[in-house]
Amino acid sequence: MNNSSFPKKTALALTGLLLLLAAGCILWLILAKGPSDHCIAQIYQDGVLLESIDLSRVEAPYEFTVSGKGGASNTLRVTKDSIGIISANCPDRICVHQGFIRTPLLPITCLPNHLVIQLVPRDTVGPDATTY
Amino acid sequence: MSAKKLTLLALYTTLALSIYAVESAIPPLVPIPGIKLGFANIVTLFVLSRHSARDALWVLLARILLAGFLFGQGISMLYSLAGGILCLVIMSGMQALLRKHFLPLTSIFGALAHNIGQLLVAGLVLKSFYVISYLPYLMLSAMVTGLFTGLCALMVNRFISPHIKHLSSE
Numbered sequence: 080m081n082n083s084s085f086p087k088k089t090a091l092a093l094t095g096l097l098l099l100l101a102a103g104c105i106l107w108l109i110l111a112k113g114p115s116d117h118c119i120a121q122i123y124q125d126g127v128l129l130e131s132i133d134l135s136r137v138e139a140p141y142e143f144t145v146s147g148k149g150g151a152s153n154t155l156r157v158t159k160d161s162i163g164i165i166s167a168n169c170p171d172r173i174c175v176h177q178g179f180i181r182t183p184l185l186p187i188t189c190l191p192n193h194l195v196i197q198l199v200p201r202d203t204v205g206p207d208a209t210t211y
Numbered sequence: 086m087s088a089k090k091l092t093l094l095a096l097y098t099t100l101a102l103s104i105y106a107v108e109s110a111i112p113p114l115v116p117i118p119g120i121k122l123g124f125a126n127i128v129t130l131f132v133l134s135r136h137s138a139r140d141a142l143w144v145l146l147a148r149i150l151l152a153g154f155l156f157g158q159g160i161s162m163l164y165s166l167a168g169g170i171l172c173l174v175i176m177s178g179m180q181a182l183l184r185k186h187f188l189p190l191t192s193i194f195g196a197l198a199h200n201i202g203q204l205l206v207a208g209l210v211l212k213s214f215y216v217i218s219y220l221p222y223l224m225l226s227a228m229v230t231g232l233f234t235g236l237c238a239l240m241v242n243r244f245i246s247p248h249i250k251h252l253s254s255e
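Listed in order, the protein sequences are those of chains A and B. So the first sequence is numbered by my numbering: it starts at 80 and just counts up by one. So the second sequence is numbered by my numbering: it starts at 86 and just counts up by one.
If you're looking for bench data, these hints aren't it; they were derived computationally from the structure. Among the hints, a few may not be true.
[To be verified] 27 Å max Cα-Cα, derived DSS-like pairs, lysine-lysine:
{"hint": "1", "chain 1": "B", "residue 1": "Lys212", "chain 2": "B", "residue 2": "Lys121"}
{"hint": "2", "chain 1": "A", "residue 1": "Lys88", "chain 2": "B", "residue 2": "Lys185"}
{"hint": "3", "chain 1": "B", "residue 1": "Lys250", "chain 2": "B", "residue 2": "Lys89"}
{"hint": "4", "chain 1": "A", "residue 1": "Lys87", "chain 2": "B", "residue 2": "Lys185"}
{"hint": "5", "chain 1": "A", "residue 1": "Lys148", "chain 2": "B", "residue 2": "Lys185"}
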């Protein structure tokens with residue numbers, strides 16, 4: 080096999096590109112904001128902000144259900160500094176398996192029910208956006 | 086399309102659909118939506134490298150449509166289509182660039198494209214920009230699963246292709 084039919088340089092360049100991308104992703108995850116004591120949980124459905132909860136001010140844990148189009152239903156549990164989906168009627172229940180989140184690193188997403196729960200550090204949210 | 090070619094592509098589709106069915110029976114490995122093994126892509130990659138991008142597209146579309154009807158969750162077909170087509174476009178570009186060598190490399194780029202396609206659809210469906218938080222996880226998982234499916238396709242090419250050579254001669 081001669082060099083012209085075996086594009087070694089292209090392959091090396093592409094491998095290098097992949098390594099850079101991997102390093103970039105790892106760096107992103109490391110640099111992303113870690114645990115924060117004061118998080119606001121924002122609950123979005125179909126891009127609409129349904130509720131905004133200051134997790135640091137939750138005194139007693141409580142549960143509530145978010146309903147959406149087509150009978151979609153997710154039950155959320157809120158405790159001090161964490162929030163999670165404890166039951167849902169979506170087919171895969173990935174959102175339930177994700178458990179409770181307490182950092183802004185990864186939102187909980189229920190794709191079938193169009194629900195996103197995102198934590199944001201309190202200092203980036205104005206006081207008006209918060210329900211106590 | 087000759088009857089022989091049609092039969093061959095139908096067989097590839099059956100294979101891809103079977104792999105897809107088995108894979109969807111495996112519970113999610115990590116609790117992050119969008120991360121999956123993507124073994125059905127072994128077939129797409131194999132058809133792409135042994136036949137042509139057009140044949141691979143037929144097999145891909147047939148597999149996605151049938152999977153949608155058989156195990157469909159409605160919207161999941163949209164994710165599969167966006168991911169699958171973007172993946173195939175990138176993979177055929179890579180195959181041209183790499184002159185059909187380095188299948189695992191092609192497969193990794195395909196997997197990256199697949200996950201980006203799905204993330205774009207998720208962003209549109211959820212109308213949320215926050216899905217971007219999933220990007221680094223999806224990219225890293227695509228590299229691992231893409232490498233694995235690429236190695237599988239390489240093995241198939243090396244060990245099985247010689248035995249079915251007469252099938253691909255058109």
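Hint check:
{"no.": "1", "hint": "Lys212(B) x Lys121(B)", "in the structure": "23 Å, holds"}
{"no.": "2", "hint": "Lys88(A) x Lys185(B)", "in the structure": "14 Å, holds"}
{"no.": "3", "hint": "Lys250(B) x Lys89(B)", "in the structure": "14 Å, holds"}
{"no.": "4", "hint": "Lys87(A) x Lys185(B)", "in the structure": "12 Å, holds"}
{"no.": "5", "hint": "Lys148(A) x Lys185(B)", "in the structure": "47 Å, violated"}
Figure legend: structure checked against the earlier numbered hints; the only hint not met is number 5.
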